[in-house]
Structures are given as C-alpha cells and as structure tokens.
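Kindly generate the complete structure, drawing on both the sequences and the hints.
Taken in sequence, the protein lines are chains U and V. Going by full-length UniProt numbering, 140 is the number at position 140 of the first sequence; the sequence numbering is gapless. Going by full-length UniProt numbering, 262 is the number at position 262 of the second sequence; the sequence numbering is gapless.
Since no wrong hints were added, every one of them can be taken at face value.
Note that the list lumps identical chains together, so a pair holds whenever it fits in one copy or between two copies.
Here are the simulated lysine-lysine pairs, PhoX-like style, with alpha carbons at most 25 Å apart: (1) K207 <-> K73; (2) K207 <-> K110; (3) K353 <-> K310.
These aren't lab readings, by the way, just hints derived from the structure by calculation.
There are 2 protein chains.
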Amino acid sequence: MLRLPLRRLGSSAAALATPPSMTASASSGARLLLSRGAAAISARRAYSAKPAASTSQLPGIEPSKLTITETTKPGTLPPHNELVFGRAFSDHMLTIEWDESQGWQSPEIKPYQNLSLDPATCVFHYAFECFEGMKAYKDKQGRIRLFRPDKNMERFNKSAARIALPTFDQQALTDLIAQFAKIESRFIPDERGYSLYLRPTMIGTQKTLGVGPPGSALLYVIASPVGPYYPTGFKAISLEATDYAVRAWPGGVGDKKLGANYAPCIVPQREAMSRGFQQNLWLFGEEEYVTEVGTMNFFVAIRNKETGAKELLTAPLDGTILGGVTRDSVLALARERLAPEGWTITERKYTMKEIADAAAEGRLIEAFGSGTAAIVSPVRTISWHGQTVQCGLKEDEESGAITTQMKNWIEGIQYGEEEHPWSYVCE
Amino acid sequence: MLRLPLRRLGSSAAALATPPSMTASASSGARLLLSRGAAAISARRAYSAKPAASTSQLPGIEPSKLTITETTKPGTLPPHNELVFGRAFSDHMLTIEWDESQGWQSPEIKPYQNLSLDPATCVFHYAFECFEGMKAYKDKQGRIRLFRPDKNMERFNKSAARIALPTFDQQALTDLIAQFAKIESRFIPDERGYSLYLRPTMIGTQKTLGVGPPGSALLYVIASPVGPYYPTGFKAISLEATDYAVRAWPGGVGDKKLGANYAPCIVPQREAMSRGFQQNLWLFGEEEYVTEVGTMNFFVAIRNKETGAKELLTAPLDGTILGGVTRDSVLALARERLAPEGWTITERKYTMKEIADAAAEGRLIEAFGSGTAAIVSPVRTISWHGQTVQCGLKEDEESGAITTQMKNWIEGIQYGEEEHPWSYVCE
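Have a look at this one:
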C-alpha cells in the first residue's frame, strides 16, 4: 500500500460562526488531533480518512485500577455439543467507560448484565460502534492462550478512530482481556477446536441526537464458549457471486471492523442462502474483482497460466478489504512454509473471470475463506452469471490440501502445540 | 430511474447443508419474502438489493391496541431560546416490539425511559438500526400538524427492509405518531420556526452474535422540542469539498436512512470544521460529481451556459443520494411555482467543475442545502482543490432569493398558513 504525503493539513481555520442549532458536540471538536494518510487507489485520487491514534493527555486505560465484582449466580459451561456461536455467554463482562473530559475510567469486571441506555444514545441512531473477534484457547497444560491479540488491538483502534470514538493503549487492553479470560477460565472448553470467543466492542454513548463525535463511549468485552466451526470435519461450501450489491468501495470504511459494514450484508447473504448457497462472494466494479466471501477473506490457489507455478492469491488491502488476522496469518505461514516448496504468494487484484478461466483450464487447485470463526472454510463451487465454477475439489473431497494444512498449522499455534510468538500466554 | 426486470429469481435451491455453527437465525430464513428490483447505474450492471415490503401473515402494527401509561413526573418545555436540537426530550416515548414468531406487538406510549439491552444485542455489533427525522408543528388554531409523514414512513420501511428489519403498515404508524404528538402537545412550542422534532427509530434486538437477520426488533419514537436552525435569520455557510473519503457508492446503502451512513461521516466533517468550514460537500468519482452536503441534499441555481435560462439543479436519486423529504418538496414546489417563471428544474448528475465554471463566469445564482433540520441552508462558498468557489451571495447577503422563497413556502405549509395536502392535521 502506497503512502502519500499528507496534504492540505493545517490550512487556515477562520473562526466562522457555527449555526447555533448545530450540535455542541460537533463543534467541541479537537478531542483527537487528526492527521491524514492516504492509500492510493487510482493514479489521481488519494482516498480514505486515516486518523492517527489519540494524542490526548487524558487518562488512558489503566489495568492496575481494575475492580472485580464476582457474580453471585455462577453459570455452567454448556455441554460441548450444544455450543452455538455467540448464543451463551460467560458469567462476567469487562467494561471501561470513557468521556471527553475525564478520558478512560477504571476498568471493571462485573457480572454479565444488560446495558441501560437512553433511547437517544448515539449508538442507536448513527452506528457509533466497532468490534473485534478473537478467541481464548486452553492448552494441554491448562494455560490460557490468545492468538495475536496485538493485531486485534491495532485494528480495534483504527476502527474506533475512523468513527471518532476514542483510542486506547493496546497493551493495556490486552492485559485486561487476558485477566478477563483467566477469570472466565471454566468457560473455556479444554478440547482442541473449542475456545472462548471474545467480543471486544466499543459504542458511542452520548445521549443527544446531534450528529457529531460522541462525547462519551463504553468499551466492553463479552465472551461466548464456542465449538469448532466444522465439528465433524470440513464441509466445503458453495458461494454465489453477488453482482447487484457492493460491500465496500475506495474511500469508504470496508477495511474497518465497524457495525456499519455488517447489517447491509444480510439481505444479499440471505438471497444467496435462499438459492441454496452458504455464503455470497462480494465482487467489485465493472471488472468484477473478487474481494471477500460473506464475512471472511478469500484465497484461491491456481497454477500460473504461463509458468505453471503454483500461486496462492488473495485480494490486496486496498481499503475495500477487511485486514483479517487469519488472512495475515495464512499469508505469513504460506510465505514461510509454502514458498520454499515452490509456491508464489501474491496479494493482488484478480477478477472472477480469472478464477473461472483457471477452473475451465484445470488450473484451479483449491479455494477457501479465512476468518476467526472457521479459521479456513473450503469452497466447492462459485455460482457466477449462471455458470458454476468448480473450485478444484473432487466429489468426495471436502477440503483441499493447502486448506487443511493451514487449519492444522494455525490450530497448532493457537493451542500451543507448536511454540510460536503469535501465541500469547495469559500469565 | 429505470426499472430492470427481475433476474435470476427462483433458481434452484439445492438443499446444501448449512455448516452447523452458522447462526440459526441466518438460516431460519424466509421471514420476508424478497423480490429484487434494480436501478440502472451503468449500462452493464444493475445495482442495489431492494427487498419488497413484508408479505408476512404475522400481526401488523395495530393502533387500536395502544396502551398509554402517563408519566408521574411531568417535565416542562424549556424556554424557547434554550432549545438545542435533540438534547432535551418530551415526557413520553412510543414503543412497539416485534419478533419473528409473533409479529408486531401492542403499541405503548409510556414514560421516556432507558432501554435495557443485553450487551450481545445485534444493534451494538452489526448496526441493525435505521431512523427517520420529522417534526410536529402547532398552527395558529393550536392544532398539531405533521409534514408529509407518508414520505417518512415510506422511506423508513425501505430502510428497514434493506437491513432485514421488519416492515410495517405506514398509515398505522402515522396514526400512532399523531397520537403521540398530541399527547406531547405541551412540548410543541407555539411559535413559527419552532416544532417538536420526532425521531422514529428501529433497532434489531436479537441477543446473539451470529451475523443474520434479527429475530426481534424494537421500533420507538422519541421527541425533542427544537427551535429554528437560524434563530436570528439565515447565516450562509461555507463548505469544504471532500475528495479523500466517499459517503456512498452504487450498490451500497447511501439512499437509505441507516445508522451505518452516519458514523463514517464524522471524521471528514470534523476535518472540514477544523479548517473553518461548517460542513463538508461529498463528491463522487473521478468526475467529482456533487452529491450531498454534510447530512443535507444540495441544490444549485445557475444560468445555462448556452441558453441563459435559469436552472435549479440537484443530483438524481441514483442510489447514492438520500431521498430527502425536503429535497422532494423543494423540487415539487419549484416545478409548480418557479417553472412558470421560466426556471428549468433538473435532477441530473453535475460536477464540481461545472459549479466552479458557472461561478467563474458569473452564472452561479445561488446554492443551498436542504433537510428537515434547517429546511434550507444557504451556502456562501465551497472550498475545492485550493480555490474558493463563490456561490452567488453578495457580501452583505446571507441567503439568495430562491432559498428564502423555499423556506417561506415550506414553512407556510408546515404551520398551516397555506392549506396544502402535504400538511397532516393530527385529529
């Protein structure tokens, strides 16, 4: 991703009167000092507002100030085979409030409980909300491990800043999440493939309807014990390429983990499901670039038309793609472990036609989605303009070799079977 | 707007197994029967998922079932000069719950109160939220009037359907809102320019983290007494054209009143304000088409280069523009009352360069934003690529003639001074 120099910063700020009915919070303004980088999408225009992390002098998140209130009604971990993603939650939640005059307040771990919010609260009206998805794993020694929490924290901060929510010290929040995971230890099933899904969330809590930066916010983390995405082994999915709706665009917010990116995806996904497909595949532009699948990143393994070399392809982080932690992990492992075997690992724009051509010419080796929920999700077919593109699996196969390999490598690290710097032991 | 025939509906729905961990709600599926129209954005692709209104047989919104619980702590209307948009609220709120098995439940008017929601509720994570902005006015006879509520209800339904929230009977909700406004009568200041701002809101309330259509929702309406946007008369604003961030895209949701469209606009708006501008002007594409200003639609009056004829221009409803009720009203009044005076009224794509050229050649007559808050908002200048485009106002003028005329016409109808079918008397 090309970085362009900052442009037009610090131009004159003539004190023009703000119309009096404009929200006070909108004009209270300079809470975050912003700078602006830009990703080059085209030769001519530089897109995307990229606020830097807060340089505020207000108090930051302070793990030493954590207070813990234990539940008086401890729950139980449901039987492993009854776990459904995000439906049952652990006993406690981690909360940290913020406001523009006092900064981050003392973190609390307290019984899981409802939020009580004024109906005018800005999260209900203007989608001031962003989140992360990560997991806590139990290794064979009973230790609790996180997987690359630094990547989640970095993205969480970028998401927050993009919608004028406060930023925070990444290590401080990681520490608190680790403490929270340890307190909820008994909700982490001690079986490979199982984990405690962690959902850090930040919402704007200002209770006025003026459209402006929230003057207060709540950061919270809840946790849900989950089983493997494919409890009886991989089951390849079929995709429908969506050409009538667009998930993200240059200069938009598709690379941030904002609530705003999710609700609009449901109808296209439901349409795909109504025709028998498990997920939709998001294309972009007249060229029909392949971007993401449902809520996962997408990888395809092909043989190069000219050289015959094996190539693992995924779309580049051009501002329209969510920078998945699993995506990054797949790329890094592929570069470390597949490249020596002759694979080329490429982040570049590629079109649906390119995939269809590769399939037609017998050059499509395999395809898979990647994300925190499934790690990798093998793809059997893509429906596109009435044709069914076969993605390399034989009829009796549910996963390709690279897909299976990636799952095993990543799971091995997540569960501490392979010692690796990506695994963060909660001490 | 061209309508294309439905495509590819009802293709085979082979019963492929859904991976077990995919949310149950996502696969519970066929609550809304969807059809798909499409707006032609380009010759080649038809964009935008357009779900039809619900054809569900579940109970709809039933005004006759309304229950009213009056507050025991009645508040008071703040002094007129202390009213700030969306900060103080009336005594009560209207609420209607919905769930996928029982449909719409009995409407309630009850004391204004906090919402108590599980932290896993989908509105906090995936932005299942949409809203409307409308006002109740008191006429000289003390009657309460709404302005074109049918337009708000129609758009509210379209917004809800686009994010898989339930739709409703539009007249039923209008009836309830009228009853609510009458109950809150003492919060409607009886002075021209003042009103009770009404905020119908719908949120998804399902409390699971699976990404799928919400199985439950809450529709509520809160009310805030507001004063005129310009209490001491118009004050022209200055805009900064934003070229580094993009509000909406063909195939996206920029034409719906979703929370998702608002949070991402704050940073660009704050950037503009930090440089002394009141609002930003959203451009689109390499061509730099003019789309909207801040959270208003945008109009510009120019003299045609060839014919010299006066032309009132605004961007067309191509899927990237919010279809404002005020925008529609300005267009209708202009066609009725300005066209006979020789004006051409045009909805078409136009570029920032076209405006700058008109200004440079003395052909830019005036420019204004339109929206429920201000009705119309005169524009003095637009900053664009380092140049300041003067929008036709003399130094001692705060509004152009058309802008002033529009405000007077619309306000006259809103306050019942001109009898007009757009004014809905709450009987």
